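There are 6 protein chains.
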Amino acid sequence: MIHHLIADMKEGMEIQQYFMVREVEPGHTRNGEPYLTLVLGDRSGSLKSKLWSNVLKDFPGPFRVGDYVAVVGQLRPFRGELQLTVQKIWTVQQIRQIKQELKDFDVSLLHPSTPYDRAMMWRDLLDLVDQELSGPLQELVLSLLQQHESTWQLAPAARRIHHAYEGGLLEHTWFVARLACQTARLYPNLNRQLVVAGAILHDIGKLKELAQPYAPEYTVTGQLLGHIVLGWEMIRQAAVECHFPDQGLLLQLEHIIITHHGFQEFGSPVLPKTREAMLVYFVDDLDAKMKMMEQHLQADTSGREFTPYHRLLQRELYQLTEKPETVPPEEAPEAD
Amino acid sequence: MIHHLIADMKEGMEIQQYFMVREVEPGHTRNGEPYLTLVLGDRSGSLKSKLWSNVLKDFPGPFRVGDYVAVVGQLRPFRGELQLTVQKIWTVQQIRQIKQELKDFDVSLLHPSTPYDRAMMWRDLLDLVDQELSGPLQELVLSLLQQHESTWQLAPAARRIHHAYEGGLLEHTWFVARLACQTARLYPNLNRQLVVAGAILHDIGKLKELAQPYAPEYTVTGQLLGHIVLGWEMIRQAAVECHFPDQGLLLQLEHIIITHHGFQEFGSPVLPKTREAMLVYFVDDLDAKMKMMEQHLQADTSGREFTPYHRLLQRELYQLTEKPETVPPEEAPEAD
Amino acid sequence: MIHHLIADMKEGMEIQQYFMVREVEPGHTRNGEPYLTLVLGDRSGSLKSKLWSNVLKDFPGPFRVGDYVAVVGQLRPFRGELQLTVQKIWTVQQIRQIKQELKDFDVSLLHPSTPYDRAMMWRDLLDLVDQELSGPLQELVLSLLQQHESTWQLAPAARRIHHAYEGGLLEHTWFVARLACQTARLYPNLNRQLVVAGAILHDIGKLKELAQPYAPEYTVTGQLLGHIVLGWEMIRQAAVECHFPDQGLLLQLEHIIITHHGFQEFGSPVLPKTREAMLVYFVDDLDAKMKMMEQHLQADTSGREFTPYHRLLQRELYQLTEKPETVPPEEAPEAD
Amino acid sequence: MIHHLIADMKEGMEIQQYFMVREVEPGHTRNGEPYLTLVLGDRSGSLKSKLWSNVLKDFPGPFRVGDYVAVVGQLRPFRGELQLTVQKIWTVQQIRQIKQELKDFDVSLLHPSTPYDRAMMWRDLLDLVDQELSGPLQELVLSLLQQHESTWQLAPAARRIHHAYEGGLLEHTWFVARLACQTARLYPNLNRQLVVAGAILHDIGKLKELAQPYAPEYTVTGQLLGHIVLGWEMIRQAAVECHFPDQGLLLQLEHIIITHHGFQEFGSPVLPKTREAMLVYFVDDLDAKMKMMEQHLQADTSGREFTPYHRLLQRELYQLTEKPETVPPEEAPEAD
Amino acid sequence: MIHHLIADMKEGMEIQQYFMVREVEPGHTRNGEPYLTLVLGDRSGSLKSKLWSNVLKDFPGPFRVGDYVAVVGQLRPFRGELQLTVQKIWTVQQIRQIKQELKDFDVSLLHPSTPYDRAMMWRDLLDLVDQELSGPLQELVLSLLQQHESTWQLAPAARRIHHAYEGGLLEHTWFVARLACQTARLYPNLNRQLVVAGAILHDIGKLKELAQPYAPEYTVTGQLLGHIVLGWEMIRQAAVECHFPDQGLLLQLEHIIITHHGFQEFGSPVLPKTREAMLVYFVDDLDAKMKMMEQHLQADTSGREFTPYHRLLQRELYQLTEKPETVPPEEAPEAD
Amino acid sequence: MIHHLIADMKEGMEIQQYFMVREVEPGHTRNGEPYLTLVLGDRSGSLKSKLWSNVLKDFPGPFRVGDYVAVVGQLRPFRGELQLTVQKIWTVQQIRQIKQELKDFDVSLLHPSTPYDRAMMWRDLLDLVDQELSGPLQELVLSLLQQHESTWQLAPAARRIHHAYEGGLLEHTWFVARLACQTARLYPNLNRQLVVAGAILHDIGKLKELAQPYAPEYTVTGQLLGHIVLGWEMIRQAAVECHFPDQGLLLQLEHIIITHHGFQEFGSPVLPKTREAMLVYFVDDLDAKMKMMEQHLQADTSGREFTPYHRLLQRELYQLTEKPETVPPEEAPEAD
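Residue numbers (this note's numbering), protein chains in the order written: chain A, -19 to 316; chain B, -19 to 316; chain C, -19 to 316; chain D, -19 to 316; chain E, -19 to 316; chain F, -19 to 316.
Check each hint, because a few of them may be wrong.
No copy is singled out in the list; a pair is fine if it fits within one copy or between any two copies.
As the list claims (entries may be wrong) - In silico lysine-lysine, DSSO-like type, Cα no more than 30 Å apart, as pairs: (1) K269 with K28; (2) K37 with K83; (3) K30 with K83; (4) K30 with K(-10); (5) K188 with K37; (6) K28 with K(-10); (7) K(-10) with K37; (8) K269 with K68; (9) K188 with K83; (10) K188 with K68; (11) K(-10) with K79; (12) K269 with K30; (13) K269 with K37; (14) K37 with K79.
Just so you know, the hints here were simulated from the structure itself, not pulled from any lab data.
This one's a predicted model, so the numbers in the text were calculated from it and none came from an experiment.
The following block holds chain A by itself, in its conformation from the complex (with noise of 0.2 Å):
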């Protein structure tokens, strides 16, 4: 049972394998029989399939969003996407409660997530603490990796847009904490150490505001006070826990937290006035800007030079369709 990425299916293939269930939607025909709409996923995208009622009957579910199922289908084109006429269908619990073994069942393959490597991620930011800063504001920003370190590994760093996928925030804050590291190396007479510790935490509060790393909703918290203040709390919290010696450097630490959007119609109250917040504002609007031109141009396999049109980029993006001498990602560079 070999998984096919739903990004490389094709009109007319033949499907048996897992997917995760993303949506349900029961209808009717025309005369009244029942069926029902999934969205399916995996890592790579997004399916809708069809169950028809001769096949519901057979397989009654129920399927609920966040199943893993296992499925038996055909691809065939419908108003110009892509869809699943289901044949055969199980939840991953059904299959499992009549004891049959799940062959090949690999759950990293059924939803989206960073495409680096999370340990190596989270062993690097501990690195740059460990190089970069030191004193109270390392011990703060341990503490405050610490106690939230699984959480941060799942958690994503949008409900849409960009990085919304498992282990995004870590990808974006990873990102984010090196480009700032290097980024201030190059400026005289800045708190680097403030700096570092800034991106490294300047968006902590998405941990409360955003829930469902699978597929990212807003908690009511989230959505009524938002990821900065939410975020500021708990530096400020984590700060009194561990007796934080330094008030006037706390406060500029606060004060990049508060100031990361940048502006006030991007939702920060208070507008940078430290080179150290105006400089984490640009590497996180950066980090978020670059990836999300480069999910966009993924997405887009329509082979045209051009996207479709990206509604908050407000631009069609360049596919560039020759693209000179591959350039391989760069390593993590070393902290020095």
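Since chain A is already given, all that's left is putting chains B, C, D, E and F on it; use the hints.
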């Protein structure tokens, strides 16, 4: 020694009374003689004055911002505005040191402050708490009022623009609370307790954002974090201290604080998403605008039909030259 | 024949009751059979229905927008929403023509209208005029109310968005007038008569801008000139007719009408330059926003914590799932 | 007594001629001597002048804004600009009272006014009405022109910025009407009569919005209502008076008046919804901008390649230092 | 085989004529039968058509965008719009291959193009060059017109929105040049040669920005650089080639090209700083808006008084239902 | 003759050293005596000075902007700032003419310039070209650097705001190139060669847009066309000259130049549509903002916690009064 209010001063008057020093700027004439420009203030406005070198020799000060001074001098026009040529000047401290009597010295005349009676407003707010609130919301609001009673009665509501004087925060709170309460009465299914509590507490962070009620200035913390998040934290902490039992209700109250500027571009990181929060935003803004206009209209003594341009409101205001039957300010309505 | 409100309908229900026709769209199936899609409405919402060709043969109509119809049919889910499969359908006119009895026909159930009692609101407005106004302002307002009494009680306050139903203009006027009056009471030296008169008359131009209270639409004149200038002219003409004696006072009232959208980008050619005009702008906007939110919250029956996105408000609203002690709508306060 | 235009004055010149007083500001020197600063103007610009106390003693005035004065004095540089030290000064009124001869007194030299011949422009407009309009539109436009003939020939078109001088409204009307007419000729199916009538009448409300053609100022009515609605009402009333027979046509003309600022943020409560209205908006704006640039270029006599910053246009303008073959102004084209 | 224009088609018509294929979209019915949706076009509009599987079997195509096809079919309503059910279909190429006669085949009917005669417009432009320009500007403009004569007569002026059809660029150039020339005549001291040359050349970069006149699309170069800089370079190069002697004059011409969008937010990197550039910006924008409105009004055949919402103009347009005496399009004025 | 930097000057100092003349403004006192105001500058700032008539008599100059002068004088406070009363003054040219020795004359002290070593930065850029680029991109960049080597080392990067001093363009280029290169390393599949080449060349047009490195001013060409299009043309021409073989690659490089202001409202006619262009936009903007803040913080010597308002950044900046352990500027990292 009768106090002439600065707002009522006229060219040619001989002045002999007290002022507060608001600005001090030393200078030299072209032939090298030192002189001092002092901006003197009382509760009705401010006035430029000059101590030429011959006067300065005999009354050397020193004069600092915030000093109360007894002044003898004469009012002259200079470049279109009145200016006081000082003939004699002592600080109140100097007078006290030489055991002179401080005749008619009345500090309440010497800096701007709310025109309303502070004790009355405070009592009125407590009545509102008593009559409109109950249970944990009542307890929370009361504990915050009591904890900050003395500073709240002095604090200004802004650095400039509106209510930027002693007692300004209390006056603004009193208006907003009454507006919110009576407005909420008209709408069905509103949680009026939430509205009233939110209205009373909405600007509590200004107690930490601003300092020096006589000449309001931002604190460093205020500049770097802003009163919205500072106020939110004060409420969160008070809620912990009084073991606030209903987290959902508390979250709605916090949402009112966080969103009370109405839009992100005005500094609220999140938009009002409940009717209660929308209502508090509106009446807060309404009271600020009404006061801005009132202060601008009063400050204009030109006798023209339109005031000078108001930079924030971006307009000139119309002076109703013949006000119909004067309308006495309403009594504070009895909470029912 | 009990009327089931559309808002309360559920899958599988057998329906036998009256509706108003809101939209008519003929179609053909792929094999050429004609069918009709009718959008049916009552005061609680609207519902798509289908007349397949077999039904259409026996119940050929014709059906036009605005017709009242008696319908027998069954509710089925279709693409995630309820749809009515019509089995029998007559227009009320047809029933009358054949002298059938119109059992339980209650037109007030069949289109949306203000939830408040119109006679009560009208009386309340007249009381306000009686108690708050005197002299020429009273005479002017009264003559305009009397002249337009019947249309004002039917007119909507908007084409969509808020108060877009029968009696909506009266409801909005009633709220704005009361808000304006009680707000004006708190501020000293305001001309409260002006405020109250301006609040009552601010939207009078909508009587000419909008037509068809059951399904509001712009008139040509309304589209080409807008209700602000139309209302201003109505007041100017009424002032001429009743020989309004005080041109300065009249000009201030006109200024309130012209500026009541608060900003040029919202359609006021001039900015509010008096406190009276500013106040009316604020309470008008406040009432519109409160109603928009109320309507959006009520229209969302998804059971989720946040409503769908509201395009004009640019946000999702929070449904307070567990409303604390329910708060009964206030009685209309007695004008004092 | 040759009149030197202010624009041509140079350091060191001895001056002996008439001016109009534009501003009066009394002052005192540091040792208490009174002096006067007068801003004097002629049609080419304005000039600061000083009457020191020794002069003031012999020529006590009084001098008021709007007075014509005969002056003897000398031009000196002061802080980078020319200033006139007055040696002798009489008002024209004083000279008349003592029966002195007013030698070479030519009021047309003493305040700014349109550089075009007013009689010619007025005749040209009447020709346009004669040749382009017919029927009720002709009658309506003609009656408004005739009714306001004298004020229209004096009125300015703005308080500042462009055409803010005597005859400015007529000049602007003349340009806009001709632009509109010739532009309309290029487009098929336009109602050119509407365009021409709308272009002639578009700014008629400025006759009520502005006062004092020599030093334009807003009227109270102009400030509180604006020229757009004032002009609309003038046209409505004239239409009633001449029993305008075609309400649909009249509405389209009114729409042109109401929308001629093109956008709500520029003060039109409604957007242009016909091509006729769009055309008038464009040529009105075009003529305003062309005049603004012409006036700014002419006012800059620095000899540099770029003018000072123009605040409304938000740019510096380029002075074409070597103008290619000079291009004579076109004759007013003959209406055909 | 009479050609029925798509704009005039009605339900039930039997169709037998030529079209151009604009879009091709294959699909499958629910039971797996393949079908084709073709969007067919002629110069008056476009039309959806279906080739169901039984037809497709006999007329397999292939059909590609840009193909001319002969079609037999029937017009039916589908979801509120007309749709063509195809019964027979051949490409023109197929007909030619089997040596069939192409009866009544007239390619000019099959795609949208300028309603004006291209030869006439071209001649008119050359006359303008001949009469208005002289010396190096004449030589430069002429050489560019001659060099691009054939493409300029085909090119569209935009991808959508306005003049997006064959000959659109020529039509737009012709209008803008005439508007600019006649407008410049009214203003003294303008360099009219510059204005006319700038007006003719302002959009020359669109020759490189856009491709496929029948269905305009951006080129890659156009998307990545934009027509403003592309046009500027074309003029610079042509100036080098014809040894343009006056660098100052050339710079002013280049400035007109670079600034002709009027504002940076509309894509001009620099603001117009000469009156000549300002004038060209205005008449360019005016012609674009007039065409947008004309096209939107013509495309609306609903018979209602207001068109559907125009997204770019952000308004609905008013259809003058009773157009007064029809106004014939003016003759192209004789350059004088 | 030790040079006191202007930034370190204090009231009362006796001054005897060289300056550069930055502004010259002649004046007359009230009793007609001529005097001169000279703004004198050195690399640390600028200073107003006065030559009263008694001094001017003996030291008549002439003094022109750009002259180096030797000055003897005394520092006095005037209206809150220091002013130099000149006692003796000669231009360096005068001293040379009379064969006097120019003791301690060091031109590098007399105007602002980059604080970094220009030879080092230039070498570093060449190393970057050597190590990061290859093939045609290397050849293109190298040829442009070599062609403009001498002007590039002198040119400023702006007229005001940031890097507006000698060597400013080189400093900014050096920072942006290093930021771009190290940032590109973190992202997979970027064309780093493009990024580095684009970063080095992005502002090359400023070599033509700005003149007078000591007191930067726009050229006429710069004002009328802007550095974006000027730089693009320089690259196009260099590409032609070195027979750049890959048109697709060149187009991407041009796209980076054209889009490097990121948004149309900031002067880029097209938005960045590749990640390479987005990256260069971000690091360019980041470096500009960091420098702006650094310059504003350094220019503020008030000793207060917040700087004066920065008009472009629209905020006050926070002066970290107690900077934690001072952080030495990083060495220029070795390109690896």
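Worksheet item: Going through the earlier hints one by one, which of them does the structure break, listed in rising order?
Response: Hints 5, 8, 9, 10, 11, 12 and 13 contradicted; others consistent.
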